[in-house]
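Q: Given chain A's structure and the hints, the job is docking chain B onto it.
Chains as they are written, first to last, in the numbering used here: chain A, 692 to 857; chain B, 969 to 1128.
The set of hints was computed from the structure by calculation and includes no laboratory data. Just to be clear, a hint being listed does not mean it is correct.
Which bits of chain A does chain B cover? Going by a derived footprint, with three or more residues having C-beta under 8 Å, they are [unchecked claim]:
#1 720-734
#2 749-762
#3 833-843
Just so it is clear, CB atoms sit at the ideal spot from N, CA and C, and this is done for glycine as well.
Each chain, written out:
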Amino acid sequence: MSETEFLAWVGQTPLSVFMVQTPIAFSVCETLHFIGLCLLIGALLIVDLRMLGLMRVITLRMALKFIPIAIIGFVINAVTGVMFFTSNPPGYWTNWMFWVKMALILAAGLNAVWFAVFEERKVLAVPQGSDVDRATKISAGLSLGLWLLVLLAGRLLPLTQTLGNG
Amino acid sequence: MEALASLENSAVAQFILGYTWAFYGLLAVHAFGMAGVVGGSIMLSLRVLGFAVGVPVAGFEFLKRVAAWSFVANAGSGILLYFTNAKALTVLWTFQIKMASILLGGILLWVLWRQISPYKADADHRYDGKAKAVAAATIFFWIAAIVSGRYIAYTLPVGF
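The shape of chain A in the complex, shown without the other chains (with noise of 0.2 Å):
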């Protein structure tokens, strides 16, 4: 399947004639997309400036409860994300800024599973009072950078589609 017949199926697909012709479906949409960065953002806050050493108050496995909540803003993007996309495949391939914020999104989700995998076990192991190691801070760091900066591209995807992809 070439990237033309990808696209064109793409736009004739049930959801994006849903979005498309539904004239709500798209700012429904986007309302739900910000209150999911909003869930995504504020449980991040929590959990990565905690293995940063700072709300010290708080302990490591109980800033580690709010990861689900990260998650549920994770699928509501995600979903709504998709849906953006099918209602204008090629507007979005075009723009050079969604790639920019698919690869920050790639990076940020690899960054995810390596602490889920890796990390979140050290961090459970930590004795009371002590601080989480360099990898565990750098993981993150990286986090919290990674989703402010996709936050900033999907902002910016507008700008580029109107200043054109030149």
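A: Chain B alone, transformed into the frame defined by chain A:
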């Protein structure tokens, strides 16, 4: 209306409108601020509602500072964006709902913090119905601010 027109004609407004990057840069700052204020408020409210019992509210002191600075970024970028379209925005119902929601969300957050402060060192404290009602209302009005804010772009008269 003359005062609003002078805001729109001000050098700052004309600069923002003249440079697309400036306009979208302000929108990005506004989004960062929103994530900090609303994200932080929702996390605190969820704790009061019974999520993550074991986390002392005292742990949110730093998050409160992050939210406060996020609000400063939000208000600053919001005021500058308002300058670019003051006349239309002032009479727009979605903008008015957004402003009212922010005001109520802010007041409720302040009330909530005062209510829960006596127990903030108690990690396992379960808050009463009154505090939970304020927490739920706080979430409601911050979400209302997001929804109405998003619909500003869709309710502006054509040509603005």
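Q: Which of the listed hints are not met by the structure?
A: Nothing - there is no hint that the structure violates, so all of them hold.
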